[in-house]
Amino acid sequence: MAGVLGAFREVDCTIAAIEAVKRGRLGDMTVFSPAPDPEIAAAIDAPESVVRRFTLIGGLCGLTFGYWIAIWVSKYWSLVVGGKAIASWIPYTIIGFELMVLIGGLSTVAGLFIHARLPKITVAGYDPRFSEAEYGVYVECAPERARDVAAVLRTSGAVEVRDER
Amino acid sequence: MATMAPPTPPRVPKPAPNIPRAGLRLPAVRDYAQVDREVTAVLHPTLAWFGALSVAVTCLGIGIFAWMYQIYAGMGVAGYRPPVMWGVYVVSFVFWVGIGHAGTLISAILYLFRAGFRTTIYRVSEVMTVFAVMTAGLFPILHLGRPWKFFWLIPYPNWRYIWPNFKSPLVWDVFAILTYLTISSTFLYIGLIPDIAVLRDRETNPIRKAVFGALALGWRNSDREWRHFARAYLFLAALATPLVLSVHSVVSFDFAMALEPGWHTTIFPPYFVAGAIFSGIGMVFTIVIPLRRYFGLRHYITLNDLDAAAKLCLFTSLLVGCAYLSEFYVAWYSGNPVEQQYFWNRVFGNWWWAAWIMLLCNMILPLSLFSQKLRRNTIWLWILSLFINLGMWFERFVIVVPSLSHDYEPWRWSSYAPTWVDYAILIGSFGWFFMWFLLFVKQLPILAITEVKEIVPAPRRAPGGSH
Chain A
23 MAGVLGAFRE
33 VDCTIAAIEA
43 VKRGRLGDMT
53 VFSPAPDPEI
63 AAAIDAPESV
73 VRRFTLIGGL
83 CGLTFGYWIA
93 IWVSKYWSLV
103 VGGKAIASWI
113 PYTIIGFELM
123 VLIGGLSTVA
133 GLFIHARLPK
143 ITVAGYDPRF
153 SEAEYGVYVE
163 CAPERARDVA
173 AVLRTSGAVE
183 VRDER
Chain B
172 MATMAPPTPP
182 RVPKPAPNIP
192 RAGLRLPAVR
202 DYAQVDREVT
212 AVLHPTLAWF
222 GALSVAVTCL
232 GIGIFAWMYQ
242 IYAGMGVAGY
252 RPPVMWGVYV
262 VSFVFWVGIG
272 HAGTLISAIL
282 YLFRAGFRTT
292 IYRVSEVMTV
302 FAVMTAGLFP
312 ILHLGRPWKF
322 FWLIPYPNWR
332 YIWPNFKSPL
342 VWDVFAILTY
352 LTISSTFLYI
362 GLIPDIAVLR
372 DRETNPIRKA
382 VFGALALGWR
392 NSDREWRHFA
402 RAYLFLAALA
412 TPLVLSVHSV
422 VSFDFAMALE
432 PGWHTTIFPP
442 YFVAGAIFSG
452 IGMVFTIVIP
462 LRRYFGLRHY
472 ITLNDLDAAA
482 KLCLFTSLLV
492 GCAYLSEFYV
502 AWYSGNPVEQ
512 QYFWNRVFGN
522 WWWAAWIMLL
532 CNMILPLSLF
542 SQKLRRNTIW
552 LWILSLFINL
562 GMWFERFVIV
572 VPSLSHDYEP
582 WRWSSYAPTW
592 VDYAILIGSF
602 GWFFMWFLLF
612 VKQLPILAIT
622 EVKEIVPAPR
632 RAPGGSH
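Chains as they are written, first to last, in our numbering: chain A, 23 to 187; chain B, 172 to 638.
Keep in mind the hints are simulated off the structure, nothing from the lab.
Careful: at least some of the hints might be erroneous.
[Said to hold, decoys possible] List time: in silico DSBU-like cross-link candidates among lysine-lysine, alpha-carbon distance up to 30 angstroms:
id, chain 1, residue 1, chain 2, residue 2
1, B, 380, A, 142
2, A, 142, A, 44
3, B, 613, A, 142
4, A, 97, B, 320
5, B, 482, B, 380
6, B, 380, B, 544
Chain A on its own, in the form it takes in the complex (with noise of 0.2 angstroms):
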């Protein structure tokens, strides 16, 4: 969709706008920073990431599969040695635990990339300078109020207001 770029050279200013457009409700917003920044999170307040998720579901997939393949293998192709379990669970704990790990550590990539929207092939609303130094705040509007988004953003320090149709 379109909108109002804002380029900003200053955190606080960022932070001023990102309040600025949630308070007078302009349109959904995406900011850009070259770094993680905690005070920004604050102002966004977004609801957690669900990675976690894809993570607990992967690691107990895992471990399931890890536990079924050798213990089915030890059924398939019995090795018999008298008086020891054909399948036992102490040694196949190893194959368990790594598989949790592999599984549970690729299934957290694949909802990163599922929830970041990864890989990417349009970069709309994005400027080489937010990997550098400088922040973005982005407001996704209709036309008729992008006049409005680009005061309020300029009023709060961004050096640089553009539209993006």
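Once you've looked at the hints, dock chain B against the given chain A.
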């Protein structure tokens, strides 16, 4: 008449590089643009870099030649004679796995503990981890008579209807090492994505820009990306932490599950983990100290960071020393004459020189780190790190060779001498490791740009209100 002079304003000391203060960890780093500029400046190849790469590739070539000769002539050229069927290859395998442990310790465990000194050295450690584990993984394959059959250890449906034995420590090794390699590579790559985006945005060469663009996956530093990134990174660190502890425990099971004297002991898992972290930190010093000097990064990797890492090195050295002494004590207290004989032979028998190199390098010399002056002396730290690398290689030698050459049956006692093939492949492994490392150094940032920016004060409006 008395006059009242206004009090003299307190003198504010000028920030000195290399001496962090509370609230200001990198005094000589003023802003984000400086971080980008100085870290990316490292990426341009120099003549010295080409020279170092040539040396590494030559060493690798020597190793490849020796391996080809071994495949042609058979495993006998590697100096194996019963009962010593594990030699330099297994020693080097354990050595490189150990080197690979400090990276995840520094990047994951210290991240969970919020240890500030990790920020500037963790990228180097992570890279070291990935390449060290890649190197370690070669040795079990080199050790196979028919190395092209290595994939038989991986469980997959096959026409032979044969599956690996999941009760075997060698199969545990396959799972542990492959998991560790996958997770540590993933951890490294995920941490690199925002930094690659910085390179993408600064790059002018269209081909490199396209490559960085593909690797950055369209990362654009948005709040949504940072939010999920922070959570994913935290959980990867949380998963990597027990993995570090498990991997070297599993490697220690290769020995502890056997009944050889000197191997069959419950102290091995913690002893191996502590040794691995100790050797890894030693290698971090070996690499980081020349890097910070050669690339002019002394105001990023400060003396305080090295001092803190040296304390960790000292702590792990004390743990390792405690494990060495515990082994002797347990052998004495057990009343088992075979164990007692074995440990006597280890320090006063035919392997005395290897055991004393180990004790000197890993237990005695690191005690110098109790001195703050020596902890902050980079030349001493670097020299000590070389001794630690040497000592930790010999620690594994002392574990592997004396046990096999001096087991229960006196008629089987024998000796072992590595051949030129062993040495050539060992040299080749260093060439392989440093070749990858040097290639990384000139393509991707060795300091975590984003995390360094996090500890640099964010730009704020001047008190007057203008910007």
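Structure-based check of each hint:
Between residue 380 of chain B and residue 142 of chain A the CA atoms are separated by roughly 16 angstroms; this keeps the pair inside 30 angstroms, and the hint holds. The hinted pair formed by residue 142 of chain A and residue 44 of chain A meets the criterion: a straight-line CA distance of about 26 angstroms does not exceed 30 angstroms. A hinted pair counts as satisfied when its Cα atoms are at most 30 angstroms apart, and residue 613 of chain B with residue 142 of chain A qualifies at roughly 26 angstroms. At roughly 25 angstroms between alpha-carbon atoms, residue 97 of chain A and residue 320 of chain B fall within 30 angstroms of each other, so this suggested pair holds.
Between residue 482 of chain B and residue 380 of chain B the CA atoms are separated by roughly 41 angstroms; this puts the pair beyond 30 angstroms, and the hint is violated. A distance of roughly 45 angstroms separates the Cα atoms of residue 380 of chain B and residue 544 of chain B; the hinted pair therefore is violated under the 30 angstroms criterion.
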